[in-house]
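Below, each chain spelled out in residue letters.
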Amino acid sequence: MKGSVVSITLNGVERETLVAPGTTLLNLLREHQSLTGTRRGCDQGSCGSCTVLVDGKAKLACLIPVETIAGSRVETVENLALNNELHPLQQAFVEGFATQCGFCTSGMIMAAKGLLSVNPRPSRADVIRAISGNVCRCTGYESIVDAILAAAAGMGKPLKKSA
Amino acid sequence: METIDTSFFTEERAGSFNTVGTSTERADARGHVTGRTQFYEDVSFPNTLHLKMVRSTKHHALIKKLDVAPAMKVPGVVRVLTWKDVPNNWYTILKLIGVGPDDEPVLAEDRVRFIGEQICAVLAETPQAAAEGAKRVKVVYEELPPVFDVEEAMTSKPFTNHGSNYYIYEGHNCRRIRFGDVETAFKQADHILECRYNSAPIEHAPTETTGCVVKPEGNGRYTIYSNTQALYFTLDNTALILGVQFNKLRMIGGTVGGGFGGKVDVIVEPIATLGAMLTNRPVKYAYSRAEEMQVSSPRAAERFYIKDGIMKDGRIFARKITLYVDAGAYCRHSTYGTTKAAAHMPGPYTIPNVHVDAYCVYTNRTPSSAMRGFGVTIADFALESQMDQIARLLKMDPIEFRLKNAYRDGDMKAHRKEVEGAALVEVLQAAAKQSGQKLSSEFLAMSSYGWGSANGKA
Amino acid sequence: MLQAVVTPTSLGDLRKALKLAPKATLVAGGTLVMPIINEGAHGISTLVSLSKLGIDAVSFKKGIATIGAAAPIAELARHSELKFLSAVIDSIGSPTLRNMATVGGNLFAYGDLAVCLVALDATAIVVNAKSKRSAPVEEIIKKGVKAGELVTHVSFAIPKPGTFKYAKASRRALNSASIVTVAAIIPLVKGMVADCRIALGGVAAKPVRAKSVEKLLNAKLFDEKTVRAAAAAAAKEIAPFTDAYASAWYRARVTPVHICRALLGDAAGKS
Numbered sequence: 013m014k015g016s017v018v019s020i021t022l023n024g025v026e027r028e029t030l031v032a033p034g035t036t037l038l039n040l041l042r043e044h045q046s047l048t049g050t051r052r053g054c055d056q057g058s059c060g061s062c063t064v065l066v067d068g069k070a071k072l073a074c075l076i077p078v079e080t081i082a083g084s085r086v087e088t089v090e091n092l093a094l095n096n097e098l099h100p101l102q103q104a105f106v107e108g109f110a111t112q113c114g115f116c117t118s119g120m121i122m123a124a125k126g127l128l129s130v131n132p133r134p135s136r137a138d139v140i141r142a143i144s145g146n147v148c149r150c151t152g153y154e155s156i157v158d159a160i161l162a163a164a165a166g167m168g169k170p171l172k173k174s175a
Numbered sequence: 008m009e010t011i012d013t014s015f016f017t018e019e020r021a022g023s024f025n026t027v028g029t030s031t032e033r034a035d036a037r038g039h040v041t042g043r044t045q046f047y048e049d050v051s052f053p054n055t056l057h058l059k060m061v062r063s064t065k066h067h068a069l070i071k072k073l074d075v076a077p078a079m080k081v082p083g084v085v086r087v088l089t090w091k092d093v094p095n096n097w098y099t100i101l102k103l104i105g106v107g108p109d110d111e112p113v114l115a116e117d118r119v120r121f122i123g124e125q126i127c128a129v130l131a132e133t134p135q136a137a138a139e140g141a142k143r144v145k146v147v148y149e150e151l152p153p154v155f156d157v158e159e160a161m162t163s164k165p166f167t168n169h170g171s172n173y174y175i176y177e178g179h180n181c182r183r184i185r186f187g188d189v190e191t192a193f194k195q196a197d198h199i200l201e202c203r204y205n206s207a208p209i210e211h212a213p214t215e216t217t218g219c220v221v222k223p224e225g226n227g228r229y230t231i232y233s234n235t236q237a238l239y240f241t242l243d244n245t246a247l248i249l250g251v252q253f254n255k256l257r258m259i260g261g262t263v264g265g266g267f268g269g270k271v272d273v274i275v276e277p278i279a280t281l282g283a284m285l286t287n288r289p290v291k292y293a294y295s296r297a298e299e300m301q302v303s304s305p306r307a308a309e310r311f312y313i314k315d316g317i318m319k320d321g322r323i324f325a326r327k328i329t330l331y332v333d334a335g336a337y338c339r340h341s342t343y344g345t346t347k348a349a350a351h352m353p354g355p356y357t358i359p360n361v362h363v364d365a366y367c368v369y370t371n372r373t374p375s376s377a378m379r380g381f382g383v384t385i386a387d388f389a390l391e392s393q394m395d396q397i398a399r400l401l402k403m404d405p406i407e408f409r410l411k412n413a414y415r416d417g418d419m420k421a422h423r424k425e426v427e428g429a430a431l432v433e434v435l436q437a438a439a440k441q442s443g444q445k446l447s448s449e450f451l452a453m454s455s456y457g458w459g460s461a462n463g464k465a
Numbered sequence: 002m003l004q005a006v007v008t009p010t011s012l013g014d015l016r017k018a019l020k021l022a023p024k025a026t027l028v029a030g031g032t033l034v035m036p037i038i039n040e041g042a043h044g045i046s047t048l049v050s051l052s053k054l055g056i057d058a059v060s061f062k063k064g065i066a067t068i069g070a071a072a073p074i075a076e077l078a079r080h081s082e083l084k085f086l087s088a089v090i091d092s093i094g095s096p097t098l099r100n101m102a103t104v105g106g107n108l109f110a111y112g113d114l115a116v117c118l119v120a121l122d123a124t125a126i127v128v129n130a131k132s133k134r135s136a137p138v139e140e141i142i143k144k145g146v147k148a149g150e151l152v153t154h155v156s157f158a159i160p161k162p163g164t165f166k167y168a169k170a171s172r173r174a175l176n177s178a179s180i181v182t183v184a185a186i187i188p189l190v191k192g193m194v195a196d197c198r199i200a201l202g203g204v205a206a207k208p209v210r211a212k213s214v215e216k217l218l219n220a221k222l223f224d225e226k227t228v229r230a231a232a233a234a235a236a237k238e239i240a241p242f243t244d245a246y247a248s249a250w251y252r253a254r255v256t257p258v259h260i261c262r263a264l265l266g267d268a269a270g271k272s
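For the record, the sequence lines run as chains A, C and H.
Position 140 of the first sequence, counted from 1, bears residue number 152 in this note's numbering, the numbering being contiguous throughout.
Position 6 of the second sequence, counted from 1, bears residue number 13 in this note's numbering, the numbering being contiguous throughout.
Position 11 of the third sequence, counted from 1, bears residue number 12 in this note's numbering, the numbering being contiguous throughout.
What the hints contain is simulated information worked out from the structure, not anything from laboratory work.
Do not rely on the hints blindly, as some may be mistaken.
[Said to hold, decoys possible] No more than 25 Å apart at the CA atoms, straight line, and that leaves these computed lysine-lysine pairs for DSS-like:
| no. | chain 1 | residue 1 | chain 2 | residue 2 |
| --- | --- | --- | --- | --- |
| 1 | H | K84 | H | K161 |
| 2 | A | K69 | H | K221 |
| 3 | C | K420 | C | K314 |
| 4 | H | K161 | A | K69 |
| 5 | C | K80 | A | K14 |
| 6 | C | K319 | C | K402 |
| 7 | C | K80 | C | K145 |
| 8 | A | K14 | H | K24 |
| 9 | C | K440 | C | K327 |
| 10 | H | K237 | H | K161 |
| 11 | A | K14 | H | K17 |
| 12 | H | K147 | H | K17 |
| 13 | H | K216 | H | K143 |
| 14 | H | K207 | H | K143 |
| 15 | H | K133 | H | K144 |
| 16 | H | K53 | A | K14 |
| 17 | C | K142 | H | K161 |
| 18 | H | K237 | H | K143 |
| 19 | H | K133 | H | K24 |
| 20 | H | K53 | H | K133 |
| 21 | C | K142 | A | K14 |
| 22 | H | K161 | A | K14 |
| 23 | H | K216 | H | K161 |
[Unchecked claim] Distance windows between CB atoms, simulated:
| no. | chain 1 | residue 1 | chain 2 | residue 2 | range |
| --- | --- | --- | --- | --- | --- |
| 24 | C | K164 | H | I37 | 39 to 45 Å |
| 25 | C | K164 | H | A240 | 36 to 42 Å |
| 26 | H | S60 | C | G380 | 54 to 60 Å |
| 27 | H | K216 | C | G380 | 53 to 59 Å |
| 28 | H | S213 | C | V383 | 30 to 36 Å |
| 29 | H | I45 | C | K80 | 16 to 22 Å |
| 30 | H | Y246 | C | K72 | 35 to 41 Å |
| 31 | C | K80 | H | K237 | 24 to 30 Å |
| 32 | H | N129 | C | K80 | 34 to 40 Å |
| 33 | C | G380 | A | R133 | 37 to 43 Å |
| 34 | H | K237 | A | L30 | 53 to 59 Å |
[What the hints assert, rightly or not] Negatives, chain C to chain H, calculated, CB over 12 Å:
| no. | residue |
| --- | --- |
| 35 | A76 |
| 36 | V81 |
| 37 | D117 |
| 38 | E139 |
| 39 | N226 |
| 40 | L285 |
Every residue gets a Cβ at the ideal spot worked out from N, C-alpha and C, and that includes glycine.
Looking at chain A on its own, in the form it has when it is part of the complex (with noise of 0.2 Å):
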């Protein structure tokens, strides 16, 4: 067995990271890269939690071999939150109290940037579409859509802030 050397760039920053043959992405992240931000659900791709943008568009962490996107442009959670400014969606998230246990809070708020990035005013049918792919077993669905809808509409004017 030998590893390799991947190079990806990680929330903006070019990365080298020596793996095991037919590491996930997952695996890159959490344990060499200390990002545990994706949570691992299930390692299958039926839960969600592991979203992330792969050259913008939402993917999940879990089936890809890093061998596979070397060179390519890789988003976490942890790069919502610049300079401790959360993000509108982050923000939306928090006012609307769409979080719960928070295990698919990082997958839902991935999926959610995905759509945005492409479809900037989703109706709520998108939303529920977009985030079709990502299991919250406290089913708190509703609220995880009204944020996300409500982050879509504050886009572009600041929310507000919270205390």
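With chain A's structure known, arrange chains C and H on it following the hints.
Just chains C and H, lined up with the frame of chain A:
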């Protein structure tokens, strides 16, 4: 949206609330949305060993041979733990509150009682090596007839260590309620309705699977990072199983990626801690999604027989309930769930004659345990379905039928405790109003504060 | 345990890689192979990725669509020529999954798109170490490909407007496996059915042609009565199975209903 009706129980709302009614940011929300909330699996330590469990592929079988040698040949496999390594292999979770006997082994000894039961634990340098090692362990079984039906299980051959086919409650074969005399009351009733209600097990399927990471510290103590919902139960049971003092263990947790009652059993921590003790290395034991679905305890399957004696005017005069709760192979929290079910009988209704037998029965299914209102939720499904059946039989409106029987303050419940703080009458009236259903003045005049002359009962 | 993951960038490189590791498992979007890898103890030692092979483009020429086997299913939604497939695309997994799952993967997983390719009478382009051949997708599904062969593209004629029909029954509205999938091409000449093709998914181990249904429709007046009578003949073509989503009995029972819904519209199957 409906506004909250504060007109009821105004005198009970004397407190001055500063936070209730205002919107306050969740303490954990920022951690969740930024991905910084630390779940148990977000810690990692150098030299961690990964634990993969070898599980029973049979519902019920004797283990004739267990050969772990092929696993040890897999590069990276460090050790395989069997029941012989576990200091006190037999336990039951609720022993901390005096429940017994110890009916469950940490690792199976001479037999297995459900598919997925833990047999031996492979510890390896990587998850891949652990999985490969687990696959190569050879288990030779001699199959025994499995029992899946609770009523069949009542009369089948008892499991060893359990002592009986059902849990013994203070010398009785079931949790019992005896109030009035149902048999005489049935003879006096105008109608008898007997129905059977059945439920299947329900899996919580938390998004984060069950798991823990155990780290040996330099001072001889062990830190257990866990997503258990029951930190102290887990600490105490783990210490008892491993035969160490409680203060040798430290639990870090409280952040659970979905529990719903599915993470209150003590399964992963004892064996992972044992692995850490025997190797002096950190050990991680995380369920795969398939393991979570197959072996984590579901809500119990339940079977109800409800026999009611009803008077022409709509009063339930007698209710007899026989309940079988399917504990699965081991009792875990099901004994407690069965007690809760019995405590919930006969529903929020005033019935003068009540007879309940609630059995907690062992079968060869996955052990069941806690889940959101266990013992109560399925009971309500059965009781309220029965209420609808009776309303249909009497050609009565289902809300009015419930109002006729709803308990009031001062009534004596079947458990011989006087009702206080009842609100069912008001809730039913509000439900009728919100659903646009007109109640007659007789039912509108009813109140939880007593029967009065308008309440349809002499 | 995995020993290597190879990502060839040309067919030549791919052939070399497969020569070195003839038993290698091919992976494209990863949605089928990686769950097995992640479960461990899988016995796979080499993965050969098709993701950088350059077989992920979608092109059109003279009414023929040619789609690379490694094209993600989401890619199909970007082409107005394939608008007739939008309900199909929407019914496969979630948008996130569709950014990964490929046309070739769906073909060999016998998914909903594979059912459509059978209905569309699509052709598969198959390469091996030396040569290239083409074969009907229907035949590839029935017989598979030979060792060392790889489907690189599928192509089909864009159907005339209004002739493509599709219905999928599943437990949830979105992101749910098929109970019954129906895809059909129903060309009409003066109200009469002219040489139709109907394919069914979810009701056998692989997608099947509903030839007896086609036979009863061909050269007949396309009306509700004819379709209902023909749909009942589907029972002969299917070998339904029981899984977590539906029983074999249920699948058999509702297959004609969903054929009617696909061909006549939603309201038709309801009475």
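Verification of the supplied hints:
no., hint, verdict
1, K84/H / K161/H, "holds (12 Å)"
2, K69/A / K221/H, "violated (47 Å)"
3, K420/C / K314/C, "holds (18 Å)"
4, K161/H / K69/A, "violated (32 Å)"
5, K80/C / K14/A, "holds (20 Å)"
6, K319/C / K402/C, "holds (11 Å)"
7, K80/C / K145/C, "holds (13 Å)"
8, K14/A / K24/H, "holds (18 Å)"
9, K440/C / K327/C, "violated (32 Å)"
10, K237/H / K161/H, "violated (29 Å)"
11, K14/A / K17/H, "holds (19 Å)"
12, K147/H / K17/H, "holds (17 Å)"
13, K216/H / K143/H, "holds (21 Å)"
14, K207/H / K143/H, "holds (8 Å)"
15, K133/H / K144/H, "holds (17 Å)"
16, K53/H / K14/A, "holds (21 Å)"
17, K142/C / K161/H, "violated (54 Å)"
18, K237/H / K143/H, "holds (17 Å)"
19, K133/H / K24/H, "holds (21 Å)"
20, K53/H / K133/H, "holds (20 Å)"
21, K142/C / K14/A, "holds (23 Å)"
22, K161/H / K14/A, "violated (53 Å)"
23, K216/H / K161/H, "holds (21 Å)"
24, K164/C / I37/H: 39 to 45 Å, "holds (40 Å)"
25, K164/C / A240/H: 36 to 42 Å, "holds (41 Å)"
26, S60/H / G380/C: 54 to 60 Å, "holds (58 Å)"
27, K216/H / G380/C: 53 to 59 Å, "holds (56 Å)"
28, S213/H / V383/C: 30 to 36 Å, "violated (53 Å)"
29, I45/H / K80/C: 16 to 22 Å, "holds (20 Å)"
30, Y246/H / K72/C: 35 to 41 Å, "holds (39 Å)"
31, K80/C / K237/H: 24 to 30 Å, "violated (53 Å)"
32, N129/H / K80/C: 34 to 40 Å, "holds (38 Å)"
33, G380/C / R133/A: 37 to 43 Å, "holds (41 Å)"
34, K237/H / L30/A: 53 to 59 Å, "holds (58 Å)"
35, A76, "holds (17 Å)"
36, V81, "violated (9 Å)"
37, D117, "holds (26 Å)"
38, E139, "violated (5 Å)"
39, N226, "holds (34 Å)"
40, L285, "holds (23 Å)"
Checked against the numbered hints given earlier, the structure breaks hints 2, 4, 9, 10, 17, 22, 28, 31, 36, 38 and satisfies all the rest.
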